[in-house]
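Residues per chain, in single letters:
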Amino acid sequence: MIKLFQIPDKIKIFFIEIGELSYFAGRFFRELFSRPFEYKELLRQCYYIGNRSLLLVGVTGFILGLVFTIQSRPTLMEFGAESWIPSMVSISIVREIGPVIIALICVGRISSGIGAELGSMRVTEQIDAMEVSGTNPFKYLVVTRILATTLMVPLLIIFGDAIALFGSAIVENLKGDVSFQLYFNKVFNALEFSDLIPATIKSFFFGFVIGLVGSFKGFYCKKGTVGVGEASNTAVVYTSMLVFVIDFIAVFVTDIFYEI
Amino acid sequence: MKKTNDIIPIIKITDLRKAFGDNHVLKGFSMELYEGENLVIMGKSGSGKSVMIKCLVGLMQPDHGDIEIMSKNINELDQDHLNNLRTEIGFLFQGSALYDSMTVRENLKFPLRKRKKDAAEAEKLILEALKSVGLTEAINLMPSELSGGMKRRVALARAIILHPKIIIYDEPTTGLDPITAKEIIELMRSIQQKYKASSLIITHDVDCARVIANRMILLIDGINYAQGTFKEISSSTDKKIQAFFK
Chain A
1 MIKLFQIPDK
11 IKIFFIEIGE
21 LSYFAGRFFR
31 ELFSRPFEYK
41 ELLRQCYYIG
51 NRSLLLVGVT
61 GFILGLVFTI
71 QSRPTLMEFG
81 AESWIPSMVS
91 ISIVREIGPV
101 IIALICVGRI
111 SSGIGAELGS
121 MRVTEQIDAM
131 EVSGTNPFKY
141 LVVTRILATT
151 LMVPLLIIFG
161 DAIALFGSAI
171 VENLKGDVSF
181 QLYFNKVFNA
191 LEFSDLIPAT
201 IKSFFFGFVI
211 GLVGSFKGFY
221 CKKGTVGVGE
231 ASNTAVVYTS
241 MLVFVIDFIA
251 VFVTDIFYEI
Chain B
1001 MKKTNDIIPI
1011 IKITDLRKAF
1021 GDNHVLKGFS
1031 MELYEGENLV
1041 IMGKSGSGKS
1051 VMIKCLVGLM
1061 QPDHGDIEIM
1071 SKNINELDQD
1081 HLNNLRTEIG
1091 FLFQGSALYD
1101 SMTVRENLKF
1111 PLRKRKKDAA
1121 EAEKLILEAL
1131 KSVGLTEAIN
1141 LMPSELSGGM
1151 KRRVALARAI
1161 ILHPKIIIYD
1171 EPTTGLDPIT
1181 AKEIIELMRS
1191 IQQKYKASSL
1201 IITHDVDCAR
1211 VIANRMILLI
1221 DGINYAQGTF
1231 KEISSSTDKK
1241 IQAFFK
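First to last, the protein sequences are chains A and B. So that you can map any letter, position 16 of the first sequence is 16 in this note's numbering, and since no number is skipped, the others follow by simple counting. Here this note's numbering runs 1000 ahead of the position in the second sequence, where the first position is 1.
Next up, chain B with everything else stripped away, as it sits in the complex (with noise of 0.2 Å):
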């Protein structure tokens, strides 16, 4: 992990703001993922991680506020800009989003068509993504016959197919039990060895925060109330903080 003053962040969001009405979800929030780094950010439900991570891949547009992936604007970006710039991110997804009509490997050549790799070439990584999962017994399989926890693996292998600089995590052990969510945490820090890609890691779940943080965020009121490393923010004493690790 790179982390100094004159290293530019792989992303930086800067005073982002959305409101529904007059529900402001987010207030001002600013964050910056450096190179390498895991970075964890923890919130309580509605607390707006997940309208962050949208505006971030341009899902969402936000009220104001300007995000940097990679140096660039994401809101000054075209369709086919913003869409190139999407293919360096790996995105997985709360409920795993494998598409049904397909079967995993259909599922992971999707992301391929971007990059117009032939058929050789995109089998090659196809197989290399799901033994990064331990997962290639299911290539032929369809969606429905797999597991809660073997389509979070797969949906891992979509995420990583294209070696992405940058790895989104939603909610990744979510919905899971905690032996599967353990294989998931694990799995998640294998990738991480293997494809030196900066991660950035919405979750709920304080274990897998312990295990996986170089540094974390936390989203109160719409805003980064804390951050650090995850034994400095465990240690604090501020009641709002605590809440989280009782």
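So that you can see chain A by itself, here it is in the shape it has in the complex (with noise of 0.2 Å):
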């Protein structure tokens, strides 16, 4: 018989890693509510997460909000709107430029480390020591890391916001002679709920995908280094696609409920 269309390998294995993930993902969910909660390793996590990631975060929002004034800043001068930089800046940052960028961030620093580190786990056995001891390890590792991400990530993007608003006020501070107080009262006046609250639920999605695709590709790392090596990859390379898928997603609905 002759095939007259036949789907390529490549598009297979794609359709089979999203039905992989999201068994993955139920298995989270279902996990997530049933005893016993693991309230220590969770704090441990969020606590690597969390701290280890501020100083970079805190930097690369810094330079965000320092070179996005300083690049916009001429071309509204031309039009005598500098007046609007801190209302511009701040919409921008907390709406769509500071979530995408630190989770972006995230994806490289906690996405990756995650898939390299239950890569690391499977292949040396650790996670199989962890089972045979009786402990659920997809419980302990698994859930604990995704909850840890959901729950910092937004605490981190919330943090690089306000230093990329701090760099962006020593810009205007220095250059337009706008005082720190003035700046933040027309960023205040500037920014809504409408802004915040998008924005903030989407950077919970943004955590759960950190945690999640680096969580899958270690836990079902392939033997050997090559595999560790691989799991990290692939887990930056998919997580930080799903950035912008789930991104697209957020402002799309956002359309639908405020008109943007």
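Subject to a maximum C-alpha distance of 25 Å in a straight line, what follows is the list of computed DMTMM-like cross-link-like pairs (lysine to aspartate or glutamate):
id, chain 1, residue 1, chain 2, residue 2
1, B, K1054, A, D128
2, B, K1117, A, E38
3, B, K1109, A, E31
4, B, K1165, A, D128
5, B, K1054, B, E1171
6, B, K1109, A, E38
7, B, K1165, B, D1078
8, A, K139, B, E1076
9, B, K1117, A, E41
10, B, K1124, A, E38
11, A, K139, B, E1106
12, A, K139, B, D1100
13, B, K1109, A, E125
14, A, K223, B, D1022
15, A, K40, B, D1118
16, B, K1196, B, E1183
Covered by chain A, according to a simulated footprint, are these stretches of chain B (three or more residues, beta-carbon under 8 Å):
id, region
17, 1080 to 1094
18, 1102 to 1113
Source of the hints: derived by calculation from the structure; they are not laboratory data. Don't be surprised by glycine CBs; every beta carbon is placed ideally from N, CA and C.
Each of the two chains sits in its own frame; use the hints to bring them together as a complex.
Have a look at this one:
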């Protein structure tokens, strides 16, 4: 029989992987609400994921605010609209640039880290050892990490946004003689709940996929050091892509509920 | 060692089969382990030894066959009961499998979570297990600070911390220098005497088998090709069996 239409293997593998990832996410929600709860490990992961990313997120946010303001200033000055800089910068950073850039930083820092850590645990039989000792490794390793990223990434994004606005305020203070008080007054006048709420909600989804994909790739890592490298690498690629997909969906949904 | 026809074995594997695609690794493997016995299973690399023990502790699902541990068929147990049964089994992994992010103390404390021991009792058990392997001074070290032999000894301490009825050793001397390997074998013997546990040892180290085995099984071509005492098997004239002792 002649096959008229054959699906290429790469596409098949892609859809199989989507199916496995969905099953993995389903298992996360099932195990999330079943006892025992691993509070200690969750707190430890929150500390590692949150605290260890603070400096990186802070520096990135600061530079983001600084550069964004320096670059947009001349254009706005041409129209005599430099007084709009605080409003423009704050809305852009809080709504879009801050969450996406900081989520991408977290992808590189956290998702790849989880992928590599769980991958090496799989390769060196540490996950098997955990299972043999009567502990559910999915609950102990995966649920805690996904939950920690879901809780910590939004906080990191809020922190990064705040630092970015501070960086922008410094530029305005030095170049435009705008006091910090005036700058932040303008920022808070410009921002509305319709800017903050959708951005905060989508940042929870960013956190969720960062933990989910990193854990998925690490937990089912193939044997060998090559497998660990691959798990870490593909975790970054898949999560980055998913961050943009979630961002697109979030903008689309926000557009329905709020007038942008 | 008790072994009579009317004694129920502590582990009983019947007609175990496992294939990976067209590669049939286990083709009807059967064995029994009795209380207090040291049973060595030998086989060349890729003969299915590790697959067999992974099926035994529920890390892998066999295609066919029954596995009974302490008269419980593990294929019929739910996850909670299987986890409870696993606390009766100590497992020494080939690569030690110590948790990298935890100290030696935390590594040993980990299996105790299931038994909900209080801090003082847990500390007592940790020190007792470390004393058994002669490594009390390493209690606060990280696995990365230990040598290969020390890692194996800590892994052994972790395997015995719950005073298991069964200890499974997966290639306990592989990757160690001959002197350290001898120390590990001696340690296994002393632990067996102290805890009176039944031991299942997977190895291709003839010296290890000679010293420790009460009984041996040769796993060749996915089945138990031969079984008996070390002396009986090593004196066999079968070429496949002789290949192990050359």
